[in-house]
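Numbering (our numbering), first residue to last: 1 to 59.
Since the hints were derived computationally from the structure, they do not count as laboratory data.
Take these hints with a grain of salt, some might be off.
Stated by the list, open to error - Label-pair ranges, simulated between beta-carbon atoms:
| # | residue 1 | residue 2 | range |
| --- | --- | --- | --- |
| 1 | Cys9 | Thr54 | 27 to 37 Å |
| 2 | Thr54 | Asp10 | 30 to 40 Å |
| 3 | Glu45 | Lys7 | 17 to 27 Å |
Unchecked claim - Quick list of in silico lysine-lysine cross-link-like pairs, BS3-like style, CA-CA up to 25 Å:
| # | residue 1 | residue 2 |
| --- | --- | --- |
| 4 | Lys12 | Lys49 |
| 5 | Lys28 | Lys8 |
| 6 | Lys49 | Lys8 |
| 7 | Lys28 | Lys12 |
| 8 | Lys28 | Lys49 |
| 9 | Lys28 | Lys7 |
| 10 | Lys7 | Lys49 |
Think of the CB as a built atom: it goes at the ideal place given N, C-alpha and C, for glycine as much as any other residue.
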Amino acid sequence: MQTMQCKKCDGKLEVLRMCRRVRLHCTKCRREYQIHEMADRLDAETEAKLEQYTSIIYD
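Construct all of the structure, not just a fragment, from the sequences and the given hints.
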């Protein structure tokens, strides 16, 4: 299974949950993406993690 990769550096993206928001975070360059920025690139593993949250706020 291929993991999601950062657009900037090809590092691994992980779901980062913070108070009142959820982001995708690169483990290599530390860039953060809003979910809608990467929606077209979501893999099954990341979608499954995001399904755990009742709502995702776009801010």
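A quick look at each hint next to the structure:
Taking the beta carbon of each, Cys9 and Thr54 are about 32 Å apart, inside 27 to 37 Å as hinted. Under the hint 30 to 40 Å, the C-beta atoms of Thr54 and Asp10, about 32 Å apart, fit the expected range. A hinted range of 17 to 27 Å for the beta carbons of Glu45 and Lys7 is consistent with their spacing of about 18 Å. A hinted pair counts as satisfied when its Cα atoms are at most 25 Å apart, and Lys12 with Lys49 qualifies at roughly 15 Å.
Distance hint between Lys28 and Lys8 is fulfilled; the C-alpha atoms sit about 10 Å from each other, no more than 25 Å. Simply put, Lys49 and Lys8 have alpha-carbon atoms about 23 Å apart, close enough for the 25 Å limit, and the pair holds. For a cut-off of 25 Å, the pair hint linking Lys28 to Lys12 stands: about 7 Å separates their Cα positions. Taken as a hint, the Lys28 and Lys49 pair is honoured in the structure, with Cα atoms around 20 Å apart against an allowance of 25 Å.
Between Lys28 and Lys7, the direct Cα distance comes to roughly 12 Å. Compliance with the 25 Å bound is thereby established for this hinted pair. Restraint check: the Cα-Cα separation between Lys7 and Lys49 comes to about 20 Å, which is no more than 25 Å; the hinted pair holds.
Taken one by one, the earlier hints all hold for this structure without exception.
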